[in-house]
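J.: Chains as they are written, first to last, in my numbering: chain A, 1 to 142; chain B, 1 to 142; chain C, 1 to 80; chain D, 1 to 80.
Please note: incorrect hints may appear among the correct ones.
To be verified - The list that follows gives simulated cross-link-like pairs (lysine to aspartate or glutamate, EDC-like), each with its CA atoms no further than 16 Å apart:
1. A:Lys5 - A:Glu46
2. B:Lys5 - B:Glu66
3. A:Lys5 - A:Asp99
4. B:Lys113 - A:Asp99
5. A:Lys113 - B:Asp99
Hints listed in this document are in silico derivations from the structure and should not be mistaken for laboratory results.
As the structure is a computational prediction, the values presented were derived from the model and not from experiment.
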Amino acid sequence: MSYLKDEPLDVRTVAHQVVSAERGGVVTFLGAVRNHHAGRAVLRLEYSAYGPMADAEFSQIIAEAESRWPAKVAAEHRVGTLEVGDVAVVVVAAAPHRDAAFDACRYVIEAIKRRVPIWKREYYVDGTVGWVDPTASAGVSF
Amino acid sequence: MSYLKDEPLDVRTVAHQVVSAERGGVVTFLGAVRNHHAGRAVLRLEYSAYGPMADAEFSQIIAEAESRWPAKVAAEHRVGTLEVGDVAVVVVAAAPHRDAAFDACRYVIEAIKRRVPIWKREYYVDGTVGWVDPTASAGVSF
Amino acid sequence: MRIRVLLFARYAELMGQTELGIEVDAPATVRTVLDTLRARAGGAQLPPSPMVARNQVHAQLDTALEDGDEVAVLPPLAGG
Amino acid sequence: MRIRVLLFARYAELMGQTELGIEVDAPATVRTVLDTLRARAGGAQLPPSPMVARNQVHAQLDTALEDGDEVAVLPPLAGG
């Protein structure tokens, strides 16, 4: 089983991994492809990953969240070609109380962005193509 | 249109009110009926509300969140009889960036709990019935 | 002046009704209404400072009332 | 000793390959591998301190290597 999927993500499938009658508070983060980035109109994009390391990091991040809060967390990230509006990432945290669910969900999405080896190539409406680079002032490298 | 529904809530219907191609970050809070409360096994429960005031508060709370963060928020609360596992409340916040979506979603669910006139009667497996009272040390008043 | 009083949940149970009309002398506040309710059957069990609303907006015990106002006495909220 | 080097995304583009095997003298660190890459075609454009991983775990430039290790050079992450 991998946290990386090359087909459309289904929030309910992810949620079913963690929701239970004991865990009444469920917080979901869903990241979808926006139609603009770095001042350009986005046509579509491609996510690629260093698969085995990405899975190891996902697993580690979720274990960290579950040890820090009384919560269960599930997550999936899309790879391959995505269109505007497609869901790129889903994180679901379920806990008996909402504070733990919010905190665990936020911890996991922040850690995914910081630690999981995934890259995004954007294809713009003007025909240009760029690598998304959160460390660059322009937000993208060509 | 009311924020109160006497039939099962559908997260996707709520989400569709706020998700768009400009708002790529979507945070959802979903509160489901737990199987235990105040040390008792819960069989089912009944939510009742002061309808017109509840709708006015919902509307006000969402307006506050949308003025404070660049986010769009939608919410629904179930009334009537619910079984364990049924969804009692859904809040969806969508924003161009995840921070605003998380903050707006959390603001709205906290404000709902503090300000919206809704009451919860719990029917326990042992045959007792109680009014949920977050201000009481036992969590319930009989 | 005439005030429409709404009771909910546990307070409706205590007083055996969900709605009643009462007459109070002007000037009146929410506290005047609560004192009137406390003299009715079951009203003694209302807490000293319940949450209240005037015309569907959260109010205080010393919120002034006008003829025709609606005062709701709200048990501890348990939504969400 | 032999090190398997993985390149991704923009760095794979710069160097025209996604994977290569290189020989370095012991003792070696991640920095040794990067210096070797910089001498290859396209390698001069690698940044001074890229994010790196050793055997699929985040590492530092001075992380020591062993024969048979896998070193990945990671462009700025953009998941989520």
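J.: Determine for every hint whether it applies to the structure shown.
T.: Checked hints:
no., hint, in the structure
1, A:Lys5 - A:Glu46, "13 Å, holds"
2, B:Lys5 - B:Glu66, "22 Å, violated"
3, A:Lys5 - A:Asp99, "29 Å, violated"
4, B:Lys113 - A:Asp99, "13 Å, holds"
5, A:Lys113 - B:Asp99, "13 Å, holds"
Against the hints set out earlier in the document, violations occur for numbers 2, 3.
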